[in-house]
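Kindly produce the complete structure, drawing on both the sequences and the hints.
Take 11 as the starting number for the sequence shown in our numbering and just add one per residue.
By construction, these hints were calculated from the structure, which means they are not laboratory data. A quick note: this is a predicted structure, and the numbers were derived from the prediction, not measured. Please note that the accuracy of each hint is not assured.
Straight-line Cα separation of at most 27 angstroms, DSS-like style, residue types lysine-lysine; simulated pairs [said to hold, decoys possible]:
#1 Lys584 x Lys566
#2 Lys115 x Lys317
#3 Lys115 x Lys75
#4 Lys75 x Lys156
#5 Lys19 x Lys107
#6 Lys541 x Lys566
#7 Lys75 x Lys31
#8 Lys553 x Lys541
#9 Lys517 x Lys492
#10 Lys410 x Lys492
#11 Lys566 x Lys613
#12 Lys596 x Lys19
#13 Lys31 x Lys492
#14 Lys156 x Lys254
#15 Lys197 x Lys126
#16 Lys115 x Lys198
#17 Lys355 x Lys410
#18 Lys486 x Lys19
#19 Lys313 x Lys200
#20 Lys126 x Lys198
#21 Lys405 x Lys486
Now the in silico label distances, taken between C-beta atoms and shown as ranges [to be verified]:
#22 Lys254 x Pro160: 28 to 36 angstroms
#23 Asn127 x Asp618: 49 to 57 angstroms
#24 Glu21 x Glu543: 38 to 46 angstroms
#25 Leu28 x Lys584: 51 to 59 angstroms
#26 Asn127 x Ala103: 19 to 27 angstroms
#27 Asp186 x Ser617: 39 to 47 angstroms
Yeah, the Cβ is synthetic: ideal placement off N, Cα and C, and Gly gets one too.
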Amino acid sequence: MAFDIGFIKAETHTPEYLMHKYWARKPHNVISECINALTSEGDVVLDPFCGSGVTLREGALLGRKCVGFDLNPVANLISRVLLSPPSPEAFNAEFNKIFDRAYSKYGYLYQTTDEKNVKYLAHRIIAKCECGEIVTQGECKKEGKKYLCPHCGGVVRFNLESLADTEIFNMVIEGDKNYVPSEEEVKKQKELSAFFDPEVDTSLYDFEFPENRRILAFKGIRTSSFFTRRNYCILSYFANEIWKIEDETVRDCALLLLTSSSAQCSRLIANRNNLSTGGPAWSVPGFWIPQEHLETNPFVHFKARVKKFDKALRCLEKEPAVIPAQIHQGNSLDLLNSSDYADFKADLIFLDPPYGESVPYTEFSNIWNSFLKRIPSSDEDISVSDRIDKTESWKNYSIKLDEYMACFTRHLTQAGKLLITFNNNDMRAWAALIAALQNNGFVCVSVFYQIPAVISSKAQMSINSSYISDVYSVYKYNPDMKATRDLSPLVSHLCFVANSRGGESPKTILDREFIIPWLNNNIDHQLLNEKDEIISSLFTFDKKVGLYRLKDEHRKETKSLEVAVRESLNELLKTGSYTVLDAYLKVCADCEEYGTMELWEFKNYISDYAVRDGKIYGYTQMTIFDV
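In structure tokens form, the structure reads like this:
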């Protein structure tokens, strides 16, 4: 069987996928094309780690019978809203009623003395030193990046663990970016920030987080720790009112809006750019409260969010699912091994497994799940973790992946396929995955690398800051086929990739071009232990420039990647101009044998082409610029 999808231009998320942040959401158009290529209308598609439901929705739009599992409550919530949305009118009517009631009670809490609405307030942490004294940043002597206590001389850490209080030092008012608050106004906001309504039951949403110092979840941290008192009170009021909504689809959508706003309204948002943009969304890999952080007016945020939800719901209404999907919350292994699924068969299993220890999705979701009244037990999570109460080992991660693959062999149809997307720089994660596949008779039939839809400026320009995206691989079940121990295709590919680049390669490219031929050639997973030896037998590493250089005995005259790029580009530009990104993707497809080219490489090769307003033009078109 051959499956060659080539390069697909990943599209940015459409409105329905922007309702809620979720970690590592896959490009919807890539998922759609994969499902379309690997299945037929009416086929069954299973996603055992369905996350935010992209696979379920895209499959349902194509007329596939989709089944999804996920133990994360917020992931299930996102999926349910995607697949069973309320009408925009019903949602707007119900949520606006709650909003109006809340605003009539608490709107004044975010108003200035002259009744102007506050958008953001900037807080600065007042810390408690280990000596017991309460100190501000201004009182401390600074040595490098360290702050020293004026009382004991010890290091003071201005973070959540040491937070005793905060001081407000700036604010932004709706319609007046240049507003300068008076001392009286700051004092008033300080008093209002401490407001708490005893009639609002907040206990339903105040969970203690599992201790995990790698993601800065310290002992004793609770949901309420991340909010000012007034902020947490208002969010809890909204939650209480939303849970009373009788229409399940409307309630789910309202809960989705609340959870999507909760982190943005917390102390987790850094104060940047002088509040000109309101600060970025919560994107830091951990529960870190910056020394200077924002408090967002939830009413202002909700109003903006409702508009986004309205737009998303109208998109969902315009393009409903052809076949309803089934969504279940829980451990997918337990569900598939239950009697309810004894006879269940899938034509395609889409697998986006936990990435070892790289992203603890479930733990990061705890601030959202708090308002859903459930934080999953750590016993249900298979990812490798630094949790104090339950540290998961790489050995256990490998065992669990093996159990999943064994389960999939029972639930695939005879012609069924397994599609995996995986992204990890840790070879232990890859070793666990490949071992589980090979031990259970899965044979790789195709591999492709998906270039991301958005590439950061840093990744575009720096050889050591390569963007990271996903490797997609397709498998069939064939227990009679054995993995090979022949490394020659891998070695040949690595040498060709490096020789086409003048005999050298950055680590980022080499790592990717190592794993893709490994999968494509079904090389025995046990040989992965020899990765470092394989690389060192072929290359020397220059630490100063971060490049791997081929040893002389492996050097060979090869058509250069630059020449191949220019040939492909010249042919392409005969048909007209292209955006740089579109040209890059098309040239990547033509030059696939050279290994996936980084965007910074492409830009270097086209430095003498005419580029204007993000478009690239052929030599015959350069006269339009009078050069």
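Cross-check of the supplied hints:
no.: 1; hint: Lys584 x Lys566; result: 32 angstroms, violated
no.: 2; hint: Lys115 x Lys317; result: 23 angstroms, holds
no.: 3; hint: Lys115 x Lys75; result: 46 angstroms, violated
no.: 4; hint: Lys75 x Lys156; result: 57 angstroms, violated
no.: 5; hint: Lys19 x Lys107; result: 42 angstroms, violated
no.: 6; hint: Lys541 x Lys566; result: 22 angstroms, holds
no.: 7; hint: Lys75 x Lys31; result: 26 angstroms, holds
no.: 8; hint: Lys553 x Lys541; result: 19 angstroms, holds
no.: 9; hint: Lys517 x Lys492; result: 30 angstroms, violated
no.: 10; hint: Lys410 x Lys492; result: 22 angstroms, holds
no.: 11; hint: Lys566 x Lys613; result: 25 angstroms, holds
no.: 12; hint: Lys596 x Lys19; result: 9 angstroms, holds
no.: 13; hint: Lys31 x Lys492; result: 41 angstroms, violated
no.: 14; hint: Lys156 x Lys254; result: 49 angstroms, violated
no.: 15; hint: Lys197 x Lys126; result: 16 angstroms, holds
no.: 16; hint: Lys115 x Lys198; result: 18 angstroms, holds
no.: 17; hint: Lys355 x Lys410; result: 21 angstroms, holds
no.: 18; hint: Lys486 x Lys19; result: 26 angstroms, holds
no.: 19; hint: Lys313 x Lys200; result: 24 angstroms, holds
no.: 20; hint: Lys126 x Lys198; result: 13 angstroms, holds
no.: 21; hint: Lys405 x Lys486; result: 25 angstroms, holds
no.: 22; hint: Lys254 x Pro160: 28 to 36 angstroms; result: 51 angstroms, violated
no.: 23; hint: Asn127 x Asp618: 49 to 57 angstroms; result: 53 angstroms, holds
no.: 24; hint: Glu21 x Glu543: 38 to 46 angstroms; result: 41 angstroms, holds
no.: 25; hint: Leu28 x Lys584: 51 to 59 angstroms; result: 38 angstroms, violated
no.: 26; hint: Asn127 x Ala103: 19 to 27 angstroms; result: 24 angstroms, holds
no.: 27; hint: Asp186 x Ser617: 39 to 47 angstroms; result: 46 angstroms, holds
Checked against the numbered hints given earlier, the structure breaks hints 1, 3, 4, 5, 9, 13, 14, 22, 25 and satisfies all the rest.
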